[in-house]
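These are the residues of each chain, in order.
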Amino acid sequence: MDFTAALAQIKPKLGAVSENLGMIEETIRNGIDAGADLIVFPELAVTGYFLKDLVPEVALRLDSPEIAGLMELSARIAIAVGFVEVTDDYRFYNSALYLEGGKIKHLHRKVYLPTYGLFDEQRYLAHGDRFRAFDTRFGRMGMLICEDMWHLSSSYIMVMDGAKTIICLSSSPSRGVEGKSPGSAETWHRLTSATATFLSCHILYCNRIGYEDGVNFWGGSEYVAPSGLSECRARILEEEMLIAFVSEGALRRERIFSPLMRDEKLTLTIRELLRLERERSG
Amino acid sequence: MNRLPLDTALLRKLLVGFVRDEVRKVGLGKVVLGLSGGIDSALVAFIAAEALGHENVHLICMPYRTSNPESEAHARLVADSCGADFRLIPITPMIDSYFQMFPEADNMRRGNKMARERMTILFDHSALLSALVLGTSNKTELLLGYGTLYGDMASALNPIGDLYKTQIWQLSAEMGIPREVIDKKPSADLWAGQTDEEELGFRYSEVDELLYNMVDRRLSDDELVASGYEREFVDIIYRKVRDSHFKRRMPVIAKVSNRTIDRDFRYARDWGR
Chain E
20 MDFTAALAQI KPKLGAVSEN LGMIEETIRN GIDAGADLIV FPELAVTGYF LKDLVPEVAL
80 RLDSPEIAGL MELSARIAIA VGFVEVTDDY RFYNSALYLE GGKIKHLHRK VYLPTYGLFD
140 EQRYLAHGDR FRAFDTRFGR MGMLICEDMW HLSSSYIMVM DGAKTIICLS SSPSRGVEGK
200 SPGSAETWHR LTSATATFLS CHILYCNRIG YEDGVNFWGG SEYVAPSGLS ECRARILEEE
260 MLIAFVSEGA LRRERIFSPL MRDEKLTLTI RELLRLERER SG
Chain R
3 MNRLPLDTAL LRKLLVGFVR DEVRKVGLGK VVLGLSGGID SALVAFIAAE ALGHENVHLI
63 CMPYRTSNPE SEAHARLVAD SCGADFRLIP ITPMIDSYFQ MFPEADNMRR GNKMARERMT
123 ILFDHSALLS ALVLGTSNKT ELLLGYGTLY GDMASALNPI GDLYKTQIWQ LSAEMGIPRE
183 VIDKKPSADL WAGQTDEEEL GFRYSEVDEL LYNMVDRRLS DDELVASGYE REFVDIIYRK
243 VRDSHFKRRM PVIAKVSNRT IDRDFRYARD WGR
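For the record, the sequence lines run as chains E and R. Remember, this note's numbering sits 19 above the position in the first sequence when you count from 1. Remember, this note's numbering sits 2 above the position in the second sequence when you count from 1.
For reference, chain E alone in the conformation it holds in the complex (with noise of 0.2 Å):
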């Protein structure tokens, strides 16, 4: 169905888990006056990114009070947001919610932490381990956070899921400065659009903004339609709220123009997957 999106571009403060809930319970009461549906937070958004040794002392639990708090707003308002969270055993995720009429609906565990250049994430994180799409009240989706959309498989398996739009909640740092926009945000761009392009699904990504230490996050937060086409894209280095429409038309035009996931040779896939497996343990 069609659904309305906001895309919350905003600049969350390193470790500051109490104002950073006060700024994002506001911008959700922002997205209702604006009529979205579902609004959408960067990956750790209520934590900030480069947290290193504040993992533990920012973590929540699912059943805390605090996302008690966001659970309740989403029974007006469907949200997906990234935070730190903690399990009963200590491990600590780099985790997304999406909360829909009140309830969790779905959490993802961010599987691929990355750990090299600026990036340390495996130091501090436990990795997730699966891929799952869900049902929501707008159909079916999927949720990665940042680097997950890097590896093919994860976009595939979720779209293989059912998923026809793919969430992606990112903070993702500014490097290069040798074209109009940084070299990290062009590449992200070509890597949103060719992955709507190959599965024929809606993406919504969500990039946050702001300074930690003298790295910047560039924001171009974007609603990338089936056709791989970016449809509204929020601006660099500023703060916003993309408000995105959604069209149901535009996915099922876009499958039947090309009808690159009815042909797709899931068994095929898996068969040759199983192989090399086989070959590689044997």
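No lab work stands behind these hints: they were computed from the structure. Incorrect hints may have been included.
[Said to hold, decoys possible] Here are the simulated DSS-like pairs of lysine-lysine, each with C-alpha atoms no more than 25 Å apart in a straight line:
1) E:Lys-32 - E:Lys-71
2) R:Lys-32 - R:Lys-15
3) E:Lys-124 - E:Lys-71
4) R:Lys-32 - E:Lys-32
5) E:Lys-71 - R:Lys-257
6) R:Lys-27 - E:Lys-71
7) R:Lys-27 - E:Lys-30
8) R:Lys-115 - R:Lys-249
9) E:Lys-30 - R:Lys-32
10) R:Lys-15 - E:Lys-32
11) R:Lys-242 - R:Lys-115
12) R:Lys-27 - R:Lys-15
13) E:Lys-199 - R:Lys-15
14) E:Lys-32 - R:Lys-27
15) E:Lys-30 - R:Lys-15
16) R:Lys-115 - R:Lys-187
[Stated by the list, open to error] One-sided excerpt, in silico: chain R residues whose CB lies under 8 Å from chain E:
17) Leu-8
18) Asp-9
19) Leu-12
20) Leu-16
21) Glu-24
22) Phe-267
23) Arg-268
24) Asp-272
25) Trp-273
26) Gly-274
27) Arg-275
For every residue, glycine included, the Cβ atom is placed at its ideal position computed from N, Cα and C.
Once you have looked at the hints, place chain R on chain E.
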């Protein structure tokens, strides 16, 4: 090559945003920096004025008696053109009084002492004005170690530390820095007629391109030589980067506990901000 690939409009936006965001998040609105009359500090002054408003930028020119009088004139020109507050605080009395005790001191000791004298004045004005000290070291000099530790290398925030000198020239033209300041030969101005390129022994355009390929693009020694650099030049520059690395690090702490600062006690400086 006199240019590195660069979109000056994007870079300007990133650096202006950096100063605005990082200054305001610590609850301040003002900055102070040393203005030498050269291009690096001129560029930082312009970035700061655009980020915070010229009335919130304090520029201090701190000449010694051997400094080229043209430097002070250029510093005043920069301050006038960006509209920031300008103060002149000569360091001759402090420096001369110290070296009366050490008349045999060479140029290096004197130059370092001057750089550190200027640093103490800037940090004193940081407290006086509730202003953060902005650094003005560029990536070329930081990588080559062409600066004084705890002197001109000291600051709270450095907007231009990831820009090679060549890129400083490119951005300065975009930001409207006075032509005289852009066109003159870079100099540490420790004695009359000194120029950076003579003292370093190579041109900025050459070394910037090599550093860009070596550091940013991570070409191996063999790849650098194959692409046309003299092996000796590559070796000299590699050694300069290696041997000056101590200047780019915090002091080394002897580890005895379970959590040692910066080794296994790791927090961003923007902790809570």
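Comparing the hints with the structure gives:
{"no.": "1", "hint": "E:Lys-32 - E:Lys-71", "result": "holds (14 Å)"}
{"no.": "2", "hint": "R:Lys-32 - R:Lys-15", "result": "holds (19 Å)"}
{"no.": "3", "hint": "E:Lys-124 - E:Lys-71", "result": "violated (29 Å)"}
{"no.": "4", "hint": "R:Lys-32 - E:Lys-32", "result": "holds (21 Å)"}
{"no.": "5", "hint": "E:Lys-71 - R:Lys-257", "result": "holds (20 Å)"}
{"no.": "6", "hint": "R:Lys-27 - E:Lys-71", "result": "holds (19 Å)"}
{"no.": "7", "hint": "R:Lys-27 - E:Lys-30", "result": "holds (12 Å)"}
{"no.": "8", "hint": "R:Lys-115 - R:Lys-249", "result": "holds (16 Å)"}
{"no.": "9", "hint": "E:Lys-30 - R:Lys-32", "result": "holds (22 Å)"}
{"no.": "10", "hint": "R:Lys-15 - E:Lys-32", "result": "holds (21 Å)"}
{"no.": "11", "hint": "R:Lys-242 - R:Lys-115", "result": "holds (22 Å)"}
{"no.": "12", "hint": "R:Lys-27 - R:Lys-15", "result": "holds (18 Å)"}
{"no.": "13", "hint": "E:Lys-199 - R:Lys-15", "result": "holds (11 Å)"}
{"no.": "14", "hint": "E:Lys-32 - R:Lys-27", "result": "holds (9 Å)"}
{"no.": "15", "hint": "E:Lys-30 - R:Lys-15", "result": "holds (17 Å)"}
{"no.": "16", "hint": "R:Lys-115 - R:Lys-187", "result": "holds (23 Å)"}
{"no.": "17", "hint": "Leu-8", "result": "holds (6 Å)"}
{"no.": "18", "hint": "Asp-9", "result": "holds (6 Å)"}
{"no.": "19", "hint": "Leu-12", "result": "holds (5 Å)"}
{"no.": "20", "hint": "Leu-16", "result": "holds (6 Å)"}
{"no.": "21", "hint": "Glu-24", "result": "holds (6 Å)"}
{"no.": "22", "hint": "Phe-267", "result": "holds (7 Å)"}
{"no.": "23", "hint": "Arg-268", "result": "holds (4 Å)"}
{"no.": "24", "hint": "Asp-272", "result": "holds (5 Å)"}
{"no.": "25", "hint": "Trp-273", "result": "holds (6 Å)"}
{"no.": "26", "hint": "Gly-274", "result": "holds (5 Å)"}
{"no.": "27", "hint": "Arg-275", "result": "holds (6 Å)"}
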